[in-house]
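Number of protein chains: 2
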Amino acid sequence: MEIATGGPLVAALNKKDAIKLDIHYLDRIKIKKGKKIETVVVDIAESEKAVPEGSIGVYEEVLKSLKLKNKDKIGITLARKPLSISFIRKKLDGGTLTKPEIDQIVWDIVHNKLSDSELTFFVAACYTNLMSIDETILLTKAMAKCGNTLNLGKYPIIDKHCIGGLPGNRTTMVLVPIVAAYGLTIPKTSSRSITSPAGTADAMEVLAKVSFPINQMKRIIKKTNGCIVWGGSLNLAPADDKIINVEKTLEIDAESQLLASIMAKKQSVSSTHILIDIPVGNGGKVKNRKEALKLKRSFENIGKKLRKHVKVMITDGKQPIGNGIGPALEARDVLWILRRDRRKPLDLERKCISMCSEIFKMVGIRNSRTKVLNILNSGKAYKKMKEIIKAQEGKVFDERDIAIGKFKLDVSTFRNGTVTKIDNRTISRLARVAGAPTDKGAGIYLHKHINDKVKNGEKIFSVYSESRQKLHFVREAMAKSQRAFDIK
Amino acid sequence: MEIATGGPLVAALNKKDAIKLDIHYLDRIKIKKGKKIETVVVDIAESEKAVPEGSIGVYEEVLKSLKLKNKDKIGITLARKPLSISFIRKKLDGGTLTKPEIDQIVWDIVHNKLSDSELTFFVAACYTNLMSIDETILLTKAMAKCGNTLNLGKYPIIDKHCIGGLPGNRTTMVLVPIVAAYGLTIPKTSSRSITSPAGTADAMEVLAKVSFPINQMKRIIKKTNGCIVWGGSLNLAPADDKIINVEKTLEIDAESQLLASIMAKKQSVSSTHILIDIPVGNGGKVKNRKEALKLKRSFENIGKKLRKHVKVMITDGKQPIGNGIGPALEARDVLWILRRDRRKPLDLERKCISMCSEIFKMVGIRNSRTKVLNILNSGKAYKKMKEIIKAQEGKVFDERDIAIGKFKLDVSTFRNGTVTKIDNRTISRLARVAGAPTDKGAGIYLHKHINDKVKNGEKIFSVYSESRQKLHFVREAMAKSQRAFDIK
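Note that the protein sequences, when read in sequence, are chains H and V. In terms of the numbering used here, the first sequence opens at residue 1 and continues consecutively. In terms of the numbering used here, the second sequence opens at residue 1 and continues consecutively.
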């Protein structure tokens, strides 16, 4: 049928066949083609036209798994429900899951054996009946195991992660070249934006390719000590993506799930030293310092049990970090920092230097701050970034080659005063309406940050877009949104 | 596309269109055709062939809702998530739902506004964070309101319900004619089998039609005081069926859900006096007396708050009730009882008499047992049953006109002794393998019950089937199953 279900393996039977075979909606059947067998969930087609009697309609995922072609002859038999159903029920009933149980659930998730509903029961069970730290660790290991892994045979392996939600904040693209320039290994995988104006992968894509199979990622790291690639193409801990998809429907975030999700990806690239950044406040994932401290303890706890060095920084999430928001504008900020351009955003630079110093300290490097500054100021970091861009088949090494949206809207203030608040959500929203992250050149450039003085008529931010119409939508959105800047 | 999703309204976009419009898997869009608008969940089609660029594929349910035809021009816009998402999340977080919140959730369920995953979150939330009795009542009322209702303008309105799982146990078909013959109103709706060899609707269908729209049901009751129809065709409390579908995936049964489910259907036919039968033990839904007592109290409690007279009987569920198991065999048992045939199953007759006496007592009839026996023995109950069969467009009034499967397998014992156990699950399973409930004449006939003496070589049960091959499958299943009879 060439329609994807986005996960579960589903096949549709004609209603008459289903009655004849006593097969019901959401039953499971085994489909056999030659020697290959796949178990799928049953959907019922009401009409002859969709699925004629005596034939079966299969969704994209089944097509691929069994390599089916039109008119292929297949056999079907009733199948049992997957083993993990009873384990999911156990968790829902408040039980504690064992290693084989968690392994089985994760295996079934990765192999699309669970229906949307069954997977949702698992996510709901872990959300309402919190997982213990031991269960979380088992989940982390199971998720890492059921996917690709990267073994570089080096020590230490550096990694970093930022708990999302803060616009700008493009630290990875500054940090990776500094760490790699010092000679440390940092196989960094990043995500694309889901609801924000840009993920690190989106911004890096302005300069170079970011989708690579895992062995090519390995080659890039061997050449340059580091990389900045999109995690989505690597099939690391694939169960995690499926779980996150379900969580998104209700916008829930089970702590155990968050921990396992992040740590599984680190586990699968064999990281040994991990720096975690938790920005706090104003529309981000972590609302306040208390929550951040709790999360910090959990990360440190799970790190210890996984025998990894984990350091958590709680940072200021009150306003965007950097001036550019949107893939191209963020990439330009990064190159300005690395090329020591006077237009570099100082807040982003400051944050990157302090994060890098922490990483250096974690692996026992003395005078870490001085060393970080040396690498930056000597141009070594920029040189390393060029190497990485080249290794990732990119051609943009200079911010002047970055195309910024050619339609621009300057927003000015009509009073004298001081910036007291910048609303992260509104800024994100406007950047998205302008076209980010799909239109790489779209986004927002902040001329002012919190505590900056402004004068009547002074520009506070500019919106860039690749289409006049989208800029028009931005104007409309501004009229309806929460105010982006508060000036008092 | 003429494929049903079995509930949620889903439409598929071509992948390229989805990227262009920045619409993601599981987002919601509004589809507009003429003046009709429907909000649907988005699926992504990977290929041109399934859904060409610039067009949209809609599933059966959307097709019907918007009355769409091929090549119709439609408009789409991004839509918000349904209101109930945040209420479901509130319940998942342990909150207590209010009337407007529960009303909205039920409305969204009935109108297919929730994805499988979202509905599952609701079911999981009510399962792990138990609903209070007040929430259960709100749910009951909301479910009854969002569907058809039957108003007969009479008092009292009798109803009964049996918590399923026990093979045989065809009390409704004996009870309804007795109650109706006395002049009381009993608008009984029943279910078809889901996992058992026969539901009441399946057995009644051997004698008469069971699918009627609600106004025709009303006419039948006006004529005969009672009916035995299939609830599925009446659209009573339709949210309930969708919730049960989700519960089935994990075989869970939230008590609040069970209560609301049963009481909503009673509420929608305006029953005033309800007798509930809870059989206990041996593979049934309720495992032990303690559980049954708890459930009894909950039923009485919710009955009081709904201002209904609810009486709960806890009965013996150790073995099948009646001799026949399977639609035709059960219908035959019923007619034997009503026609006072010497082959009537005494255990089923005894149970029906005691249930009927309870119902008579509930509405204040004295000497209830004597009256029930009179109605049975005088032939009034049988006469009433014939009226009901005729009103339901049936033609089978005599058990000799019931077709029993022509292939038969007698199972005998090879020892002398006493029957100590009959395994309900094995009996159900064998009856299903023989073809029940789809093949009406298939099933099992028990020659012995618990405590009966048996002699070496004596028949203990017979299996009937409409096909030689299925009988062969029964033989295979018997070799693999738990033993059906224990004899010591």
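Some clues are possibly wrong.
[Claimed, not checked] Reference listing, derived: stretches of chain V covered by chain H, where coverage requires no fewer than 3 residues with Cβ under 8 angstroms from a Cβ of chain H: (1) 83-94; (2) 248-260; (3) 299-310.
[As the list claims (entries may be wrong)] Here are the simulated lysine-lysine pairs, DSS-like style, with alpha carbons at most 30 angstroms apart: (4) Lys-285/V x Lys-248/H; (5) Lys-30/V x Lys-81/H; (6) Lys-30/V x Lys-20/H; (7) Lys-285/V x Lys-406/H; (8) Lys-470/H x Lys-64/V.
Honestly, the hints are just simulated from the structure, not real lab data. Source: prediction; values computed, not measured. For each residue, glycine too, the CB sits at the ideal point set by N, CA and C.
Query raised in the report: Tell me, which hint numbers fail for this structure?
Result: Violated: hints 3, 4, 5, 6, 7, 8.
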